[in-house]
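Peer 1: One-letter residues, chain by chain:
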Amino acid sequence: MRSALLAIAIGLVGAAFIHIVIILALPMWTGKDAWTRVQALGEMNRFYSLANEPNITGLYNENPYIRSAVCRFDITDGPVRIIASGDVPIWSVSAYGVSSNETYSMNDRSAIGTGVDIALVTPAQMLQMRRIMPRALERAVLVELSEPQGYVALRAVAPTPSQKPAARAFLANAVCASISIDPA
Amino acid sequence: MFRLPALVVLTLVIAFGGGAWSASWMLKATSGFGAISLGSWSAYPELQTEKADPFAKAHRAGDGRILLGRAEGLVFTAKTDETGAALSGRCAYEISGSTPPARFWTLTVKDASGEPLAESPRLPTSLNSWTTLRNTDGAFRIRLSASPTPGNWIWLDTDGNVSFVLTLLDTPTAASVSLVELDMPKIAAIGCSDA
Numbered sequence: 724m725r726s727a728l729l730a731i732a733i734g735l736v737g738a739a740f741i742h743i744v745i746i747l748a749l750p751m752w753t754g755k756d757a758w759t760r761v762q763a764l765g766e767m768n769r770f771y772s773l774a775n776e777p778n779i780t781g782l783y784n785e786n787p788y789i790r791s792a793v794c795r796f797d798i799t800d801g802p803v804r805i806i807a808s809g810d811v812p813i814w815s816v817s818a819y820g821v822s823s824n825e826t827y828s829m830n831d832r833s834a835i836g837t838g839v840d841i842a843l844v845t846p847a848q849m850l851q852m853r854r855i856m857p858r859a860l861e862r863a864v865l866v867e868l869s870e871p872q873g874y875v876a877l878r879a880v881a882p883t884p885s886q887k888p889a890a891r892a893f894l895a896n897a898v899c900a901s902i903s904i905d906p907a
Numbered sequence: 057m058f059r060l061p062a063l064v065v066l067t068l069v070i071a072f073g074g075g076a077w078s079a080s081w082m083l084k085a086t087s088g089f090g091a092i093s094l095g096s097w098s099a100y101p102e103l104q105t106e107k108a109d110p111f112a113k114a115h116r117a118g119d120g121r122i123l124l125g126r127a128e129g130l131v132f133t134a135k136t137d138e139t140g141a142a143l144s145g146r147c148a149y150e151i152s153g154s155t156p157p158a159r160f161w162t163l164t165v166k167d168a169s170g171e172p173l174a175e176s177p178r179l180p181t182s183l184n185s186w187t188t189l190r191n192t193d194g195a196f197r198i199r200l201s202a203s204p205t206p207g208n209w210i211w212l213d214t215d216g217n218v219s220f221v222l223t224l225l226d227t228p229t230a231a232s233v234s235l236v237e238l239d240m241p242k243i244a245a246i247g248c249s250d251a
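Read top to bottom, the protein sequences are chains G and X.
Just so we're aligned, residue 724 is where the first sequence starts under my numbering, counting upward by one.
Just so we're aligned, residue 57 is where the second sequence starts under my numbering, counting upward by one.
Treat the hints as calculated values from the structure; they're not laboratory data.
Glycine is no exception: its CB is placed at the ideal position from the N, C-alpha and C atoms.
Only true hints are included.
With a straight-line cut-off of 35 Å between C-alpha atoms, the simulated DSBU-like cross-links for lysine-lysine are:
| id | chain 1 | residue 1 | chain 2 | residue 2 |
| --- | --- | --- | --- | --- |
| 1 | X | Lys84 | G | Lys755 |
| 2 | G | Lys887 | X | Lys166 |
| 3 | X | Lys135 | X | Lys84 |
| 4 | X | Lys242 | X | Lys107 |
| 5 | G | Lys755 | X | Lys166 |
Here are a few chain G residues that face chain X, going by a calculated C-beta distance under 7 Å:
| id | residue |
| --- | --- |
| 6 | Ser726 |
| 7 | Gly737 |
| 8 | Asp756 |
| 9 | Ala757 |
| 10 | Glu785 |
| 11 | Ile813 |
| 12 | Asn830 |
| 13 | Ala876 |
| 14 | Pro882 |
Build out the structure end to end from the sequences listed, making use of the hints.
Peer 2: Structure follows, in structure tokens:
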């Protein structure tokens with residue numbers, strides 16, 4: 724009897740342990756998290772505009788007034804620059820890491836000019852840039868990311884149907900390009 | 057003779073069975089902690105961040121959506137009206153009042169599985185802050201029903217339960233420490249069609 728109670732007690736402790744392991748490990752094994760879906764969209768360093776209807780990629784514009792585009796990046800070998808401009812009433816941009824945690828976000832009110840101009844850099848590249856700032860990046864918002872891989876979501880708002888072409892063009896012309904910083 | 061193996065099997069069954077069952081039950085019962093509730097509306101301001109709790113992260117990974125960042129906006133969802141009754145796709149509702157400060161907001165309807173209702177080219181299925189008519193004091197009154205009504209109207213005629221989604225873009229709400237003083241629009245049931 725005593726040993727049966729002991730077995731149940733050990734079982735319950737094990738159950739608690741397995742509960743914790745399952746909850747913590749689940750994000751890595753769902754196979755349909757945002758990062759996996761973004762990877763499935765295609766190659767790095769280009770924006771993919773999302774469709775408006777649910778589709779096999781799993782990513783779509785859930786809000787009929789907000790259009791979005793996603794770009795996957797890897798800044799290990801050089802910074803990635805994000806440029807977009809156009810006649811949209813509101814735009815916003817967020818960067819996420821591999822585990823889909825937000826690493827940076829901004830909108831048009833917090834931008835310097837009227838368009839998006841962001842450079843994603845690693846801490847080492849940031850140090851290099853502090854010594855010699857490349858002329859092209861003088862006006863860019865420099866965002867230091869501790870994780871080299873991730874994705875950027877760019878969103879444009881179109882409150883009325885007449886603004887939809889402008890929002891589409893804003894996203895279609897958005898650039899997400901790897902650049903090289905030469906010390907020379 | 058078989059006592060010890062039987063006890064070991066019992067321990068393992070309790071550990072694996074109980075662990076798996078409790079984990080799936082917890083994931084069904086809760087969509088994570090850290091929600092802020094204002095009347096019938098609730099939002100998860102930290103869902104997309106590192107600070108989200110493990111349950112919220114598990115849900116986030118299962119949904120696989122690209123969430124709005126902190127500087128982008130905040131999504132409020134309502135599953136019940138102000139009396140606490142579940143929102144039905146066969147009932148008529150009136151959403152009235154005003155939203156917390158935001159540069160832009162949208163109101164959409166989702167079905168029971170969390171998918172947006174199919175956008176119809178002929179019927180309005182959503183509204184936003186630019187297209188909503190307001191009173192002189194800035195408050196609005198939106199009808200959601202199967203038959204059109206004058207003023208702001210969203211078509212609502214679907215099976216099963218629905219949820220209303222209010223997305224606030226570029227809002228200080230996400231960063232505000234106390235959300236008590238924010239006023240969210242009220243959801244009142246007007247009536248249900250017998251179907």
